[in-house]
Each structure stands twice: as structure tokens, then as C-alpha cells.
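Please arrange chains B and C on chain A, whose structure you already have, making use of the hints.
Listed here are the chains, written in short residue letters.
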Amino acid sequence: MKKLTSAPYLLWMIIFVLVPLFMVAYFAFTDSGGAFTLANIIKTKEYAPIFIKSITFAAISTVICLLLAYPLSYILSSMKLSVQGTMLLIIMLPMWMNFLLRTYAWQALLGNNGIINNLLGLIGIGPFKLLNTQGAVILGMVYDYIPFMILPLYTVMAKIDKSITEAAEDLGCSKLQSVIKITVPLSIPGIISGITMVFVPAISTFIISKMLGGSSNLLIGDLIEMQFLGNAYNPNLGAGIALVLMIIILIVMAIINLIDKSDSDDKVLM
Amino acid sequence: MKKIIGVLCTALILTSLAGCAGTESAVLDTTAIDTEIYSSFDGQGVELNVANWGEYISDGSEGRVDVIDEFEKLTGIKVNYTTYATNEELYAKMRAGAADYDIIVPSDYMVSKLYNEGMLADIDFSKIPNYANIDEKYKNLAFDPENRYSVPYFWGIVGLIYDKNKITEPDFGWEILWDEKYADNLLMFDNPRDAFAIAENLLGLSLNSSDEASLKAAADKLREQKPLVQAYVMDEVFDKMAASEALVAPYYAGDAVTLMEENDHLGFVVPESGTNMFVDSVCIPKTSKNTDAAHLFINFLLEPQVGVANTYAVGYSTPNKKTFELLDDEMKNNGISYLDNDYLTNHTEAFSALPEEADKLMSELWTSIRSGE
Amino acid sequence: MKKVLKYAYLALMTVFLYAPIFVLIVFSFNSTKSHTVMSGFTLKWYFELFSDRIIMSSLVTTVIVAVSASLISTVLGTFAAYGINSMRKLPKTLALNTNNIPIINPEIVTGVSLMLLFVFFAARMHFKMGYITLIIAHITFDTPYVVLNIMPKFRQMDKNLVDAAEDLGCNGMQAFFKVVLPDIFPGVISGFLMAFTFSLDDFIVSYFVSGTSVQTLPITIYSMTRKQVSPKINALSTIIFIVVLTVLITKNVIENKRVKKVQMAVREEIKI
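Residue numbers (our numbering), protein chains in the order written: chain A, 6 to 275; chain B, 61 to 433; chain C, 794 to 1065.
Chain A extracted, bound-state conformation (with noise of 0.2 Å):
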């Protein structure tokens, strides 16, 4: 009885994740007239460079939301209770504000006559060519994505028991050992979930290497919506790059949780 009460859902899931994704296969090994080919796999060669890309571009941005979130989060959960919830709140606000927004004002504020050079301007220094550059974009990945790695990060270590910690401490661990030893190990879980949770979006963005990246910035994303919705249609060939890309993502996420160890359900998450 208990059991059946998933059943709903695992039936919607069934209709609504596993068939279109079906639907996505079959486009990307038929051509326009619907017959098999396995030419648009083979097409995705072509655009090496830009997975490539995306990759690295999605890789960096994990590593600095990564390196820029735990600080954060370890100073958050080492925080007194009641404070604790307002800051999550203050941190976690920006994100009620529209994504879309929030990237184009990235526009406003990065332009060579934007707000960042004109106080530059102030001080005598620059304009600095900050906008439609590499390290745009990944800023933009940054700004967008570093709650997804905050909140799981901040999670686990709001559950890590304190006197753990506070043991070591006491058998003359030092603050930085403490953290090294004991912190990191458990928080593991939030690192990979926050990771997950970043690298994903990032790879497959399309609007912040449009808005931030200028001409030679192109993406996978941007590649996926030529070709579904944009200036080169043809779905099959999109197919088939979406495809390859979620192969991509499938082997990162095995890659990253062989580190975890942990028997965990909700990995993703925490």
C-alpha cells in the first residue's frame, strides 16, 4: 500500500523524463525525412572546440563558486543561531530577482562605458575592456550560480555535530587542522552536490555567454538553440549535440561521485 503512493509520480516520470528523452534520441539518429543516421553524432565532431570550451568554462567556475562558497558557508554555520537565518536570507535574496535581469545588469555594470569604468574613470584608471570577454562569462557563471554551492555547503555544516570539532580542538588540533581534518571529510556530501549543482547549469548555459561573451564566446547551449530555435534549424543535429553533451555530464557525475563514499540518497541535494 505505502509503495503504490509513488506510483503516480514514478508513472509521470516515466511519461515526462524517460520518453521525451527518448524522443530526443530518436531525433538525434534520424535525419529530417525521419530515416536512421547516425550523421548528426558525427557532426558533433565538428564542435570539439566549443565542448571543449564549455567545459573548461564550466570547470573554472565551479572551482572559484567552490573556493569563494566554503569559506562563506563554514563562516555562516560557525555563526550564533538566530543570525545564522538572516544572513542564509540576505545571501539567498538576490535570487528572487529574475536570472535574465540580474545577468543583464552584469551588462550594465561591465560595459566600456559602464558603471565599473566610469568610477574607475573617477580615479584616473582604465577604461578596461571587462565586457564580451572570457572572464565574463565566467563571472556571469559565478554571480549566477554560487547559491547552488552555498546552500548545500552550508547545509552540511550546519548539521556537523560541534563538539567534534571542538574534541579536536581540544587534543591540540589547530583551527586550520580542525577544518582540514574534520570539517572537509564530512562535508564532502554539500561539496559534491554543490558541485553537481554548478557545473551543470554552467555547462549548458546559453543566455550569459550571450549577454556577457561577445562574438567568440559561443557555447554548447547557444549551439543547442541554433539549432532548436534559432538562426540554423535543424532539430536533428540539436538532438544530437544535446545528446552528446548529456553523455558528458553523465561521466563528470560519475567521475566526481566516485570521491563521495558515502551511501547517501539524496546526493544531489543534501
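These are computed hints drawn from the structure, not numbers from a lab. Here the structure is a predicted model, which means the values were calculated and not measured. Just so you know, not all the hints are guaranteed correct.
Unchecked claim - Derived pair list, reagent style DSSO-like, types lysine-lysine, alpha-carbon separation capped at 30 Å:
#1 C/Lys952 / C/Lys796
#2 C/Lys799 / A/Lys164
#3 C/Lys971 / A/Lys164
#4 B/Lys346 / B/Lys420
#5 A/Lys167 / C/Lys1050
#6 A/Lys180 / C/Lys885
#7 B/Lys346 / A/Lys50
#8 A/Lys134 / B/Lys346
#9 C/Lys952 / B/Lys138
#10 A/Lys85 / C/Lys885
#11 C/Lys952 / A/Lys164
#12 B/Lys346 / C/Lys921
#13 A/Lys167 / C/Lys971
#14 B/Lys224 / A/Lys134
#15 A/Lys164 / C/Lys796
#16 C/Lys921 / B/Lys349
#17 A/Lys134 / C/Lys826
#18 B/Lys286 / A/Lys50
#19 C/Lys826 / A/Lys164
#20 A/Lys164 / C/Lys1054
#21 C/Lys799 / A/Lys186
#22 B/Lys226 / C/Lys826
#23 C/Lys796 / A/Lys186
#24 B/Lys286 / A/Lys48
#25 A/Lys167 / C/Lys1053
#26 A/Lys50 / B/Lys276
#27 A/Lys164 / C/Lys885
#28 B/Lys224 / C/Lys826
#29 A/Lys134 / B/Lys241
#30 C/Lys921 / B/Lys133
#31 B/Lys281 / A/Lys134
#32 A/Lys167 / C/Lys796
#33 C/Lys799 / A/Lys180
Chains B and C in isolation, oriented as in the chain A frame:
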């Protein structure tokens, strides 16, 4: 803390008060309109799905007429108005079957492409009495030689918008887009047809070239340009040119008019070597379920007064001669919207649909240009 | 010294997170449409906002879709988590992995795949893409988060509780509503909030499945970012931001009060 909440509450109250006031848009003068024919759908709960280019209609802002609203009031038909950014986006949505539009506004070459692929319905011109208002010059064009499936909405040419502060001599043509002096300050079209047209013009080719060699030559030209391009854009031109983020951009004359109205530092050049002349036309897709209402909508767009409102709002050139007569001299003689006939006939070329093979090749070349290093 | 560093870091991160928000809010009061040069103070965008039909109707659409999708997925996800939790190892792993697909799948793939599905059925079953497809798509990417928010609560729950309730004469339904639900309720709420947030902000999936007659706010904003974002949108975001801020602050204040009350009560008890 309490103070903050106090401030926030005040802000909230202020904004909700603001809601009551609202700004008034102008009201359409319906005296000259035969309201009789517009009443046939009243109270029937008919809905019309209209897809148009972004910012391509008078929408009631800045004290102008809200065309959609006026149409709804006049007819009782509810309009679901959505927008798209390029012909190709419209095509993709229709091809995917994800769309059931009643009214679309593709450009010339897309009109014939859609028709050739069986996606456009024939228009019954007896239901559009205002079609008589359209200047004969814009009837029977190459993309609809027998006038069966399209009604011209606006036309225009492509030219170069430039920053007058930084480029003082307007003595250039398309080649400026390849000038290293302006590296990183150039914008370029983010759609294959317009981008290829510029390269083709520079190479002395027809804008409707469909042979492999020509297309590849144009693609090479565009590839050569890529390192100099700051960004490939469509309507982002507005923001970037207005804020002096870029110095030169090829774009549509109508938008240049709108931009120059608000920005004194911008100018417009029509290249002597020639350019593309486009006609954006209203069409009814075959999937439309409310063709009668759609015809009525087209007729409404052709009302001279509605045309005037739209022309001032979007800045493009009207093919409607009754509308043209009602425009003020400033608009008629701005040197951009209505060029002399000599230039238009001898130096402009309209797009026609490319054969399927060429079309596909262009798409592929474009993807490879955009994705290349 | 350490404290200074700590607060400096917090301050720096806050500046980073709020710089764009600040820009958006400030320029909602700008008298011209520029997003870089402040030329004067005005409230006109706030006035014009409410008479903008496209923005207003897409706001309504967004709210309808987000509310219905997050409510349905909360119910669906709660029951699903309940069932999945009592599964044996293999089916459980399978179910949870399926559950993770929409989360690890790039949004663009989810959007595209659903579009392909809807187009396929729309042609055969004569339905229009619009509200229904939007809500279905949103439920599809919302529910996994609800499930993931609730699963840990089940694991923390004492299994004997349900048995005890059943021994005492509750049937399965009663046991669920009287014992299980109160226990997992915080998870349900956080799942709902997460689902609602994702729905509200979703652009990519909606972009592919919205059809032609409806448009959500993010889609409207996207079409604007391609031209010039009207300061009206800044005004709207400012209002939304303030509303959310107020709600969250109130929630926080109430919670803190409750925590304090509990602490007081505990202290009283100890005294006695």
C-alpha cells in the same frame, strides 16, 4: 529593523498608489474607420494569436495609441500577442509545430520559404477592403508574385548606424565592418541571411546567390571579419549603440530612425554600393483556426490612422499610401525612411527564398562561422 | 583580527551578490531609459508598469503557473517520497536516479525534450501548447526537488512511530496524515518553497514549451534583454524584491521570537 520595515511599507504603499494612476495612452480616432465591419465578432469570445517582431507595433507607451487594445475594444476579439527576434526563430517555432499563430509578420524571403513549404494560407483579399491603401509599388513583389498570401506591413533598407562622436566623416560603406581600426567596436547581424548579404555585396555578388562557390566565398569573408566583431547581435544594437558600447553596426533603417530620435550622437549611412531592401509582410499560417478574425486584424492594420500610429512608433517605412500622406514632413524627409526612387531601383536588392540546398548550406556555414575560433 | 577578516569577507561577498541588484533598483528611478547613466529621479516607470499589458499579463501567467505547479508537485512529491522511502534497495535506487534526471539534465535538454513530446501529442490530440504544457513542464522539474527535500526527513523519522499508530488502530491513511505528515512537514514546506522559486524564475524550459498564446514573465524579460530592458521591468523587480524581503523578514522575526519563547520555556523548566 522596525525602521527598515517602515520604509518598505511606505514604498509598497507608494507603488500600489501608483497603480491606480497609470498613464494614459492616446485614443485612436475612429471617426474615419468603418466600425461596421469590425463588429461581426463581438461577444463570441474569439481569440487571435499574433506573433510579431519585438517592438514592431504601437503599444501605447509614450502617449501613443495602443493598437492591440484598440482592436480588442473595437471587435471584442481577444489578442494573444507574442514576439520573436528573427525570421529564423519564427520559422523554427512554426516548423517544430510548437506554434498555432493566426497572424505572423515574416520578411520577404521567409514569406516565400514558408509558402513553398506549405505553411501559409491564401489570403482572401475581398475581406480586406483596406488593401487598396497599399501602394502598387509594394504589390506583386518577387516573394509573392501573384499577391496571394502576404500583405506588406513595413519596408525598409539595411544601412550602417555609427557613432558621430568617434567617426566624423560618414564617407564609408560596408568595408568599415572589416576595418581593423574599429576592431572590437563593430557589431554584426546575428542572423545568416542579413550577415551573408553584406559580405555578398562587398564581393560584388547577388544577395540571392545560391551557388556553393559564392556562399563559401561570403562565408570566408565573414570568417575574416570575426576577430574584429565585438558581438553578434540583433535588437541588442539599440542598447549597445545608445550607450556608445560600439561604434558601428549594420541594422535596419527604421530602427536607426528610432535610435537617432533619442540619441543625438548616432548617424546613419546608406552604403553607395547598394543594400538589401526588405518588406515585412503580414501572413496567415495554414494552422490558423480563426482566419476570418485574422483577415479583420490585417484590415485593421491597414487603416491609415493605425498605420500612422505604428509608423511613428517603429520608425520603419510604410507601404500604405494613405498613411504616408498623413505623416509629417519631418518623418517623410528624414533622408532614411523614404529614399529616392533612383537609389531604391538601382542599388537595392530584395531577398527571395533560396533553394533548399543553398539554404541548408548557408545555415551550416553560419553555424561554423559562429562556432569557429 | 580574525573577526575583522571574517566580516570583511562577508561584506565583500554581499557587495558582489548585491551589486547588480543595486543597479537594477537604482535605475528603476532613472528618468531616461539608460542603464548606465543616471540622469534624474522619476517614479514614472512605476506608474507606467501597471498599464503595460504585456508585462502585467505575463506576470499573471507566471504566478498562476508557479502556484499550481508547485502545489501539485508538492502533493505528488510528498506521496512519492513516502512510497520510495519504503521501497527495497534496488527499486529505491532506480526511483531516486530517475528522480535525479531532471535535476542533472541541462535545462535546455529538458526543455527541448518536452517540446518534442508536446509537439508530437499536440498534433495528434488537438490540444494547444500553453498553460497546460507549461504547468506539466514545471511540475516535471519541480517535483524532484520536493522529493529530495522530504527524503532526509523520512530517514530521520522513527519507523516505529507509524507501526505504533497502526497498532493503536489507525489505518494507513490516518497514520500518514496524523503521524507522518506532521513529522516531515518542514521538509514539505521547504520543498514547496524551492519548487515555487524555481517555477517563478524558470526561463529556459518555459521558453520551449509555452506555445504561442501565453508568455511568462521571464520570457517577456528575455525578449526585452534582446533590445532594451524597459525600466518598467526594473520597477517590477524592485517591487517583487521588496515584497519578498518583507515576507522573509517577517518570517524570520516570527521564527526568532518562537525560538526565544522555547528557550525561555526551557529555562523556566530548568529553574523549577
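So, going through the hints one by one against the coordinates:
The suggested pairing of C/Lys952 with C/Lys796 is violated, with an alpha-carbon distance near 44 Å, which exceeds 30 Å. Between C/Lys799 and A/Lys164 the CA atoms are separated by roughly 21 Å; this keeps the pair inside 30 Å, and the hint holds. The straight-line distance between the Cα atoms of C/Lys971 and A/Lys164 is roughly 27 Å, inside the 30 Å bound, and the hint therefore holds. Taking the CA atoms of B/Lys346 and B/Lys420, the gap is about 24 Å. The hint holds against a cut of 30 Å.
Simply put, A/Lys167 and C/Lys1050 have alpha-carbon atoms about 24 Å apart, close enough for the 30 Å limit, and the pair holds. Under the criterion of a C-alpha separation no larger than 30 Å, the hint pairing A/Lys180 with C/Lys885 is inconsistent with the structure, at around 40 Å. The hinted pair formed by B/Lys346 and A/Lys50 fails the criterion: a straight-line CA distance of about 38 Å is larger than 30 Å. Of the pairs offered as hints, the one joining A/Lys134 and B/Lys346 is violated, with about 49 Å between alpha carbons and a cut-off of 30 Å exceeded.
Between the alpha carbons of C/Lys952 and B/Lys138 the distance comes to roughly 56 Å, so the proposed pair goes past 30 Å and is violated. At roughly 38 Å between alpha-carbon atoms, A/Lys85 and C/Lys885 are farther apart than 30 Å, so this suggested pair is violated. Of the pairs offered as hints, the one joining C/Lys952 and A/Lys164 holds, with about 22 Å between alpha carbons and a cut-off of 30 Å not exceeded. Using a Cα cut-off of 30 Å, the hinted pair B/Lys346 and C/Lys921 holds, with the two alpha carbons roughly 15 Å apart.
As the CA atoms of A/Lys167 and C/Lys971 are separated by approximately 34 Å, the hinted pair breaks the 30 Å bound. Pair hint B/Lys224 plus A/Lys134 holds up; C-alpha atoms about 21 Å apart against a cutoff of 30 Å. For a cut-off of 30 Å, the pair hint linking A/Lys164 to C/Lys796 stands: about 23 Å separates their Cα positions. A hinted pair counts as satisfied when its Cα atoms are at most 30 Å apart, and C/Lys921 with B/Lys349 qualifies at roughly 12 Å.
The straight-line distance between the Cα atoms of A/Lys134 and C/Lys826 is roughly 23 Å, inside the 30 Å bound, and the hint therefore holds. A hinted pair counts as satisfied when its Cα atoms are at most 30 Å apart, and B/Lys286 with A/Lys50 qualifies at roughly 22 Å. Note on C/Lys826 and A/Lys164: the hinted pairing is violated, with a Cα-Cα distance of about 47 Å set against a maximum of 30 Å. Restraint check: the Cα-Cα separation between A/Lys164 and C/Lys1054 comes to about 23 Å, which is no more than 30 Å; the hinted pair holds.
Distance restraint check for C/Lys799 and A/Lys186: the Cα-Cα separation of roughly 21 Å lies within the 30 Å cut-off, and the hinted pair is therefore satisfied. Taking the CA atoms of B/Lys226 and C/Lys826, the gap is near 23 Å; set against the 30 Å cutoff, the hint holds. With a CA separation close to 22 Å, the supplied pair C/Lys796 and A/Lys186 stays within the 30 Å bound. Distance restraint check for B/Lys286 and A/Lys48: the Cα-Cα separation of roughly 22 Å lies within the 30 Å cut-off, and the hinted pair is therefore satisfied.
Taking the CA atoms of A/Lys167 and C/Lys1053, the gap is near 21 Å; set against the 30 Å cutoff, the hint holds. Using a Cα cut-off of 30 Å, the hinted pair A/Lys50 and B/Lys276 holds, with the two alpha carbons roughly 21 Å apart. Taking the CA atoms of A/Lys164 and C/Lys885, the gap is near 25 Å; set against the 30 Å cutoff, the hint holds. Between the alpha carbons of B/Lys224 and C/Lys826 the distance comes to roughly 21 Å, so the proposed pair stays at or under 30 Å and holds.
In summary, the hint linking A/Lys134 to B/Lys241 is supported, as the alpha carbons are separated by about 16 Å, within the 30 Å threshold. Taking the CA atoms of C/Lys921 and B/Lys133, the gap is near 25 Å; set against the 30 Å cutoff, the hint holds. A distance of roughly 26 Å separates the Cα atoms of B/Lys281 and A/Lys134; the hinted pair therefore holds under the 30 Å criterion. This hinted pair checks out: A/Lys167 and C/Lys796 have alpha carbons roughly 19 Å apart, not beyond 30 Å.
The hinted pair formed by C/Lys799 and A/Lys180 meets the criterion: a straight-line CA distance of about 14 Å does not exceed 30 Å.
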